[in-house]
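There are 2 protein chains.
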Amino acid sequence: MDAAQEAQKREAFRQAVVNTLERRLFYIPSFKIYRGVAGLYDYGPPGCAVKANVLAFWRQHFVLEENMLEVDCPCVTPEVVLKASGHVEKFTDLMVKDEKTGTCYRADHLLKDYCKEKLEKDTNLSAEKTAELKHVLAMLDDFSAEELGAKIKGYGITAPDTKNALSDPYPFNLMFQTSIGPSGISPGYMRPETAQGIFVNFKDLYYYNGNKLPFAAAQIGQAFRNEISPRQGLLRVREFTLAEIEHFVDPDDKSHPKFSEVSKLEFLMFPREDQVSGRQARRIPIGEAVSQGIVNNETLGYFIGRVYLFLSQLGIDKDRLRFRQHLANEMAHYAADCWDAEIECSYGWIECVGIADRSAYDLRAHTDKSGVALVAQEKFSEPREVEKLIITPVKKELGLAFKGNQKMVVEALEAMGEKEAMGMKADLEAKGEAEFHVCTLDKVVTIKKNMVSISKEKKKEHQRVFTPSVIEPSFGIGRIIYCLYEHSFYTRANKDGDEQLNVFRFPPLVAPIKCTVFPLVQNQQYEEVAKKIAKSLTAVGISYKIDITGTSIGKRYARTDELGVPLAITVDSTTSVTVRERDSKQQIRVNVDEVASLVKSVTDGVSTWNDILWKYPTHSS
Amino acid sequence: MDAAQEAQKREAFRQAVVNTLERRLFYIPSFKIYRGVAGLYDYGPPGCAVKANVLAFWRQHFVLEENMLEVDCPCVTPEVVLKASGHVEKFTDLMVKDEKTGTCYRADHLLKDYCKEKLEKDTNLSAEKTAELKHVLAMLDDFSAEELGAKIKGYGITAPDTKNALSDPYPFNLMFQTSIGPSGISPGYMRPETAQGIFVNFKDLYYYNGNKLPFAAAQIGQAFRNEISPRQGLLRVREFTLAEIEHFVDPDDKSHPKFSEVSKLEFLMFPREDQVSGRQARRIPIGEAVSQGIVNNETLGYFIGRVYLFLSQLGIDKDRLRFRQHLANEMAHYAADCWDAEIECSYGWIECVGIADRSAYDLRAHTDKSGVALVAQEKFSEPREVEKLIITPVKKELGLAFKGNQKMVVEALEAMGEKEAMGMKADLEAKGEAEFHVCTLDKVVTIKKNMVSISKEKKKEHQRVFTPSVIEPSFGIGRIIYCLYEHSFYTRANKDGDEQLNVFRFPPLVAPIKCTVFPLVQNQQYEEVAKKIAKSLTAVGISYKIDITGTSIGKRYARTDELGVPLAITVDSTTSVTVRERDSKQQIRVNVDEVASLVKSVTDGVSTWNDILWKYPTHSS
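Note that the protein sequences, when read in sequence, are chains U and C. One point on numbering: in the numbering used here, the residue at position 586 of the first sequence is 586, and numbering is uninterrupted. One point on numbering: in the numbering used here, the residue at position 531 of the second sequence is 531, and numbering is uninterrupted.
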């Protein structure tokens, strides 16, 4: 199969999945009766149930298991917070406008489309040109506005719909802006991530945790991104649910007490070096990845392992899940290390979880902006002797020598690092003066011996004050769910072989409805048994669907296979019923009184279908 | 105790609750390190857990129990949807501005404050003036902008902070406005309620339900209200969680199959007539309220009963919960009936749940605006004969007679109701002509026999097409939680009687943490037992807090009583432990291996403390 056929096959598969999802209301394009809004989707009843199940499992797997502090902050966020975080300045995409109609496009998308189409369809491309276009595709994320503009002009790219000329690229901030209160003087934004709500609460949360590190806070909530022109259906949306963890840790000790519980796990990893040298992702035990220094530290490694367990238990195919390390140019300057859990679907490898060691960046940024110290203390069990550098500028002498520039010189002296200060001390002692470069004046001045005293003093310290590092696993819940749909979907022929039926092989944990209850034929006795079973299912907290229509049993099975319901109870007598498993289509016969607890034990994961299969008589329909 | 003392006592109680809530991070003023934003609050760890518990119970009690269709729609909403719903035009409060500083105030709040202060503090008020001010307070919600402005001017009310003059009142729309996409031509709003997302999906949901009525859809999510100047702390906020149900029902049959399950419930109701005639709320069985026509219909009554069960099971005090019917002037013109579940707290009686029969208003509004018919069909089991009125204007004759006005006359004829049309038919047959008032022309014209034919025809119909009525229970989750805090809070003296300790008597269902685990003294053996118990609690899904500090056991109990933790496990041997109940402070001795399942059975509500108390030896510390 060549690339074009592959692409066609992927497209057909995606269409089959998406059609089923939309027909069965897993999702609905939002405000459909008003012709919708690009990038906004509703979860319909089964989608909503899947989402609730995924979030409940997330809470169990992360928050409860690790005793995390869960918080819930508003979406509306004042500007000052997002100025501190850098979003007001940097959360942008480069945009071009159709110069006649004003329609907006993402500049990199247009360039990407152009290169891809050329490479796919232009059979006369020279080797040189081919290499150039491939290089452009690889560099796409690194281009500045000017470089993108030059390429677009150079290739003569025009607006896709009208062929009109395009404006130069300029940055568009992706936050939805609004105004808080009626005055119009308090700008606000809909948060682009939930993390900032946690950072600004660090001090209170640290106190709540008994002033101890490490600890993690977590938040599940809506986030917003005003995309320029959303594409990729359910994967690139303007409003989405994030589940984020901020794990605060001493930068000098990023070990994790439970690392041994995950260290043997082995899964596809794609380290930076392997990407650069053109190798494939490979299976590496996470313990080795940490000990070999591929993953920066144990805590980061621990979360990578936990994320792997989370995704695979949800039903993500392990062979289509990899952890890809950010390349140097992808990573923020402050980050210590960063890995994305990527899931392969019909759109390619999609980033679904980001796991980053963001160092002290976020807490420092809010400390600077707010003036509130977001720091931790380590109390020493006994005082420690430390050498401290003491720099004391003599302001009077400096004032006489530098007049109006005195303040800048004082600040520069105080800001000297240990090496520079000790060099100056040596010069002053040897020569009575020293040359000193003052950045803020951009010149070199002469410092005399009487202008500054420099010494090292031994001090007893009772504690150490520091800004914790943040390790952040951040989950795009909607993307995970979409990939789960693709990984769970398959078709099989019906009994007569004349029709393909759709099935979602959701694990019980995820399935929107855990079981169905069908009377085999319409009759009052069976209906009563069905209702009795339904009641006992509600009592044990199992979501079910009862179908008392006269539709053929085969059709009813097919309908619920399409919703991914794992078990179907068919009432064909008043004392016992059959239970059918979705994927194997095997059936067993169970007493009416036992059936609810049996269903519960399978859907809670206490037993598997195979565990119970041999305990009951099988039934063949 | 007089009114002022009462008010002081309420204020002191509120302060005690709020201090505890804030100190223990049940909530945190959002963005506190930046001095916060009025009307925005975070849920800290215990608050977040309480909220999750309340929502989980809501899902169990309503969605699962009634097989509702849960959906999840975006917060960002395009303008067209909120134009159809009326929010763009009418979701406003009247505002006045300080004419010098521009500070904004709610006009009715200033007037209310003025009247209240006068009534409380001015001892020289004439009886006439007193009556006037009381009348103003009663009418506050009904005043137009002009009336409010006249009162403010008349009383000489100025800006509270500066005493500057105030502008005339003008409407301020309470929706947070934003722009969807980069073009600036698609205005959007943050939804003020979740309901609209359900209404626009009616067609798909009806289909999903097998084209059958009644059915209910439900949604939990954030809603937004850009308050002019939020007061009342946690009760009036700019972003909040709503849980809404839209129950769609045939307007000709609002009976409910499960009404008998609630009809015997008796609780405080406050019908319109009792309010108008100055009576008190009284206990009425909901079955009687429906049969006597106090509550409009069974379905509305059913939901009132279910809401009562929901709130009282959460721990809301039944004596401080009442269902108040809207007065005629409070109710929208289209509503058939409307009741608020009001909970009494230190702020007075607070609306926490609204339960309204909104008739066909919402679906009709979206049908009109979108052009998509949001209707239901009732297929008749056999065709029914119905008499249909047929009006056929003869356009040629009408054109000759009325020329340019022909269109208006035709439309007016076609719009005639049955009575008017049959009257005209009689006139035409008796006299050959009839007088006819055409509204759009504002004149009376003469219709001749040859200009229109009017008849009644018998037709067989196979179905009936109609717009369903909507019965909407809408829950303000944050308000319910705040009232729950107040109703659960009490203080008691410590052992020595020298200090008051705070306790939240949350039912296990609501408690943020279900139990604590304490080693009695710091020693490795006990710590290991404690960790073993902790692990077994996680395994059965119980949230716990482990405290291995050396703090005295009394202090540790006090700390967790303040979080409302129902049970405390103290490890004082390696084989058995004590379990203490929060409110009674009773203790029993339980084997280490049994303790997790015992805690689970109490916190799941399978057993009560009293059920298990006699089964185990008591322990006195």
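It cannot be assumed that every hint is accurate.
In silico lysine to any residue, SDA-like type, Cα no more than 25 Å apart, as pairs [said to hold, decoys possible]:
| # | chain 1 | residue 1 | chain 2 | residue 2 |
| --- | --- | --- | --- | --- |
| 1 | C | Lys318 | C | Glu581 |
| 2 | C | Lys532 | U | Glu527 |
| 3 | U | Lys532 | C | Glu581 |
| 4 | U | Lys32 | C | Ser474 |
| 5 | U | Lys545 | U | Glu527 |
| 6 | U | Lys369 | C | Ser573 |
| 7 | C | Lys545 | U | Asn209 |
| 8 | U | Lys407 | U | Val375 |
| 9 | C | Lys212 | U | Thr549 |
| 10 | C | Lys112 | C | Gly233 |
| 11 | C | Lys83 | U | Glu227 |
Hints in this document: simulated from the structure, not taken from any laboratory. For clarity, every value in this text was computed on a predicted model and none was experimentally measured.
Practice task
Output the numbers, in ascending order, of every earlier hint that fails for this structure.
Solution key: Violated: hints 2, 3, 6 and 8.
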